[in-house]
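S.K.: Residues per chain, in single letters:
There are 2 protein chains.
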Amino acid sequence: MPELRKDPVTDRWVIISEERGKRPVFLTEEISPQKTLICPLCPGNEPMTPHEVFAIRRDGSQPNTPGWTVRVVPNKFPALRIEGDLEKEGIGLYDRMNGIGAHEVIIETPNHNEHLFDMVPEKLSDIFIAFKERCLDLANDKRFRYIMIFKNYGQRAGATIDHSHSQLIALPIVPKNVSEEIRGGLTHYKIKERCIFCDIIAQEREEKVRVVSENEKFLAISPYASRFPFEIWILPKKHESSFTDQPENYPSLAEIFSLILRKYERALNRPPYNFMIHTSPLNTPHIPYYHWHIEIIPMLTRPAGFEWGTGFYINPTPPEEATSFLKEV
Amino acid sequence: MPELRKDPVTDRWVIISEERGKRPVFLTEEISPQKTLICPLCPGNEPMTPHEVFAIRRDGSQPNTPGWTVRVVPNKFPALRIEGDLEKEGIGLYDRMNGIGAHEVIIETPNHNEHLFDMVPEKLSDIFIAFKERCLDLANDKRFRYIMIFKNYGQRAGATIDHSHSQLIALPIVPKNVSEEIRGGLTHYKIKERCIFCDIIAQEREEKVRVVSENEKFLAISPYASRFPFEIWILPKKHESSFTDQPENYPSLAEIFSLILRKYERALNRPPYNFMIHTSPLNTPHIPYYHWHIEIIPMLTRPAGFEWGTGFYINPTPPEEATSFLKEV
Chain A
1099 MPELRKDPVT DRWVIISEER GKRPVFLTEE ISPQKTLICP LCPGNEPMTP
1149 HEVFAIRRDG SQPNTPGWTV RVVPNKFPAL RIEGDLEKEG IGLYDRMNGI
1199 GAHEVIIETP NHNEHLFDMV PEKLSDIFIA FKERCLDLAN DKRFRYIMIF
1249 KNYGQRAGAT IDHSHSQLIA LPIVPKNVSE EIRGGLTHYK IKERCIFCDI
1299 IAQEREEKVR VVSENEKFLA ISPYASRFPF EIWILPKKHE SSFTDQPENY
1349 PSLAEIFSLI LRKYERALNR PPYNFMIHTS PLNTPHIPYY HWHIEIIPML
1399 TRPAGFEWGT GFYINPTPPE EATSFLKEV
Chain B
1099 MPELRKDPVT DRWVIISEER GKRPVFLTEE ISPQKTLICP LCPGNEPMTP
1149 HEVFAIRRDG SQPNTPGWTV RVVPNKFPAL RIEGDLEKEG IGLYDRMNGI
1199 GAHEVIIETP NHNEHLFDMV PEKLSDIFIA FKERCLDLAN DKRFRYIMIF
1249 KNYGQRAGAT IDHSHSQLIA LPIVPKNVSE EIRGGLTHYK IKERCIFCDI
1299 IAQEREEKVR VVSENEKFLA ISPYASRFPF EIWILPKKHE SSFTDQPENY
1349 PSLAEIFSLI LRKYERALNR PPYNFMIHTS PLNTPHIPYY HWHIEIIPML
1399 TRPAGFEWGT GFYINPTPPE EATSFLKEV
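These protein sequence lines are chains A and B, in that order.
Its first residue numbered 1099, the first sequence is counted upward by one per residue in the working numbering.
Its first residue numbered 1099, the second sequence is counted upward by one per residue in the working numbering.
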């Protein structure tokens, strides 16, 4: 019997329809992204990118030259522009503002053929440090309300450049999905005076069937109302609303993140995936009703008319099965 | 300068980022869906599908035999099951219920190689009649709150079967996206005592720059905060909350729908696309603050980490440009 499950934070329902999974639904073909003759993200090609805004350079090398291990540059084709005023405006029923924001590319490694799957936790930890440094810098710009950090790996997950990178977009508005999480968190907090994510963590550690991994500081679960097969959320076990609050925990985060990626590799053969860091808005960084976390979604199915029309999802893999499979590999 | 635009009904923001469109963002490759040796939706193969629940048979032929022009059957791999009780249940923080619902396939033509692009309006009108008949029948089942009708055309839009078909899912809950539209519509109605969609129609007919086509009964617009390049909404010009209310208008709907598809074909070479019919919930079919419409989204770009994380969209094609392009072809 298929099952309808509701995400307790956002009221988003998901159809867990295992029988449907008996069809060959998983996309297996993966065409690798466009090969470029010269990779603009490789060391030596720094002049091909806008000037770097942050880099980890342990060898004391100069900006915009080789020697970096992680390098952050503005996106050459930004979705939003850094210069200008918002100029909010109403046009009849409609609202608009200028597309002000920052759009940056975090080049995760100087090695063109290395991906997050290949990296030791120490390297992942450096990437988290780069995220944090950019967040702290951009938070000084009072036009911005939110910073969304995300990664597209594999063409089917939206990657257009092969060289390993993630992206950051600073926005003058709080994203809809985060607002919904905050609204759900606040509703729960008003009744219980507890963080709903903390309560989820407690219930998951009790029930155990959706805990894929746990270390000193973090919990990795396949969420109860997973939208996608093998969806994983990584949450700090202690309440923390902002990703940038406890950088001393990044090594622990990197350890569990790396473990999940290795499990994906074994179980799903380097699937295309997206990850998104959900953190508190810039103007309310420390709140008792929001809990930052990373959502990782392998792109094994394709959202289609039903998902676009309803905002609900059909997921052929129950998270309990995904968990038991990922725990074994 | 890119622009941020807010959908007036749902508060969903979209980044209209034209400069970004200068990159080769449009997906052009399209692998055709899996070829099956025997198509289960072709005439003569009726025994391969579950028993039909509706068909248009002008030749007086028997059910589950050839002779039909449109045929509706339960999905052989349903996401939801028709038999059983909801058995709503709380498990700690979580809510679940049995996956009760209907999942049907509307076979739009007996001709394996004919697609909606090829059909005269009269044939499209018959498909709308099939939608309506199934909606009216399923509305008698008091377990259901909503019927979502949608189509996936082309592999990239989620189609897995080549033979032209659309789908219908009856749900025991109102979809999140529809609830948000209703909430937005109600907020507007409480202040203005007018339907927000009627107001949008009035503003669009005044401004003209996003009206792709208009006939006696319907308006086709590229919405102000289009999520996708060449997104089109078709709305009845006179207030109507339910798709099933005025079947006498289906010929007019079919005419404008067919025109839009022919424009897509000319402009975008039979793009993969989804369409979704947004109509009022079954328990509130006639409401002054909701206005049914069809949303058509060509799948020329790929939602990725930013869209999954934020619930916002980046659209490289301003709807005014899409409109002027589609009007010309």
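Simulated from the structure, these hints should not be mistaken for lab results.
Please note that the accuracy of each hint is not assured.
When chains are identical, the list treats them as one kind, so a pair holds in a single copy or across two.
Said to hold, decoys possible - In silico DSSO-like cross-links for lysine-lysine, where the CA-CA straight-line distance does not exceed 27 Å:
{"id": "1", "residue 1": "Lys1425", "residue 2": "Lys1230"}
{"id": "2", "residue 1": "Lys1274", "residue 2": "Lys1290"}
{"id": "3", "residue 1": "Lys1306", "residue 2": "Lys1221"}
{"id": "4", "residue 1": "Lys1104", "residue 2": "Lys1174"}
{"id": "5", "residue 1": "Lys1288", "residue 2": "Lys1230"}
{"id": "6", "residue 1": "Lys1186", "residue 2": "Lys1306"}
{"id": "7", "residue 1": "Lys1361", "residue 2": "Lys1274"}
{"id": "8", "residue 1": "Lys1186", "residue 2": "Lys1315"}
{"id": "9", "residue 1": "Lys1221", "residue 2": "Lys1274"}
{"id": "10", "residue 1": "Lys1274", "residue 2": "Lys1306"}
{"id": "11", "residue 1": "Lys1274", "residue 2": "Lys1288"}
{"id": "12", "residue 1": "Lys1230", "residue 2": "Lys1104"}
{"id": "13", "residue 1": "Lys1174", "residue 2": "Lys1288"}
{"id": "14", "residue 1": "Lys1240", "residue 2": "Lys1221"}
{"id": "15", "residue 1": "Lys1274", "residue 2": "Lys1104"}
{"id": "16", "residue 1": "Lys1104", "residue 2": "Lys1186"}
{"id": "17", "residue 1": "Lys1425", "residue 2": "Lys1104"}
{"id": "18", "residue 1": "Lys1361", "residue 2": "Lys1336"}
{"id": "19", "residue 1": "Lys1240", "residue 2": "Lys1335"}
{"id": "20", "residue 1": "Lys1290", "residue 2": "Lys1174"}
{"id": "21", "residue 1": "Lys1186", "residue 2": "Lys1290"}
S.K.: Between the shortest in-copy and the shortest cross-copy C-alpha distance, which are at most 27 Å for lysine 1306 and lysine 1221: within, between, both, or neither?
M.R.: Intra 30 Å, inter 54 Å, cutoff 27 Å: neither.
S.K.: Reference check for the pair lysine 1230 and lysine 1104, CA-CA at most 27 Å: within, between, both, or neither?
M.R.: neither (32 Å within a copy, 29 Å between copies)
S.K.: Have a look at lysine 1104 and lysine 1174 and pick one of within, between, both or neither, based on CA distance no larger than 27 Å.
M.R.: between (40 Å within a copy, 25 Å between copies)
S.K.: Are the CA atoms of lysine 1274 and lysine 1290 at most 27 Å apart within a copy, between copies, both, or neither?
M.R.: both (24 Å within a copy, 25 Å between copies)
S.K.: Evaluate lysine 1288 and lysine 1230 at a C-alpha cut-off of 27 Å and name the case that applies: within, between, both or neither.
M.R.: neither (30 Å within a copy, 44 Å between copies)
S.K.: Could you place lysine 1186 and lysine 1315 in one of the four classes (within, between, both, neither) given a Cα distance threshold of 27 Å?
M.R.: Neither, since 42 Å and 35 Å both go past 27 Å.
S.K.: Given a CA cutoff of 27 Å, do lysine 1425 and lysine 1230 count as a within-copy pair, a between-copy pair, both, or neither?
M.R.: neither (30 Å within a copy, 47 Å between copies)
S.K.: Between lysine 1361 and lysine 1336, at a C-alpha cutoff of 27 Å, which is it: within one copy, between copies, both, or neither?
M.R.: Answer is within; shortest intra-copy Cα gap is 24 Å, inter-copy 55 Å.
S.K.: What label fits lysine 1240 with lysine 1221 when the C-alpha limit is 27 Å: within, between, both, or neither?
M.R.: neither (31 Å within a copy, 56 Å between copies)
S.K.: For the identical chains here, do lysine 1274 and lysine 1288 meet the 27 Å Cα criterion within one copy, between copies, both, or neither?
M.R.: both (21 Å within a copy, 23 Å between copies)
S.K.: If the cut is 27 Å between Cα atoms, do lysine 1361 and lysine 1274 qualify within a copy, between copies, both or neither?
M.R.: Neither way: lysine 1361 and lysine 1274 sit 31 Å apart in one copy and 32 Å across, limit 27 Å.
S.K.: At most 27 Å between CA atoms: does that hold for lysine 1104 and lysine 1186 within a copy, between copies, both, or neither?
M.R.: Between copies only: 11 Å across, 36 Å inside.
In the structure shown, a violation is registered for the earlier hints numbered 1, 3, 5, 7, 8, 9, 10, 12, 13, 14, 19, 20, in ascending order.
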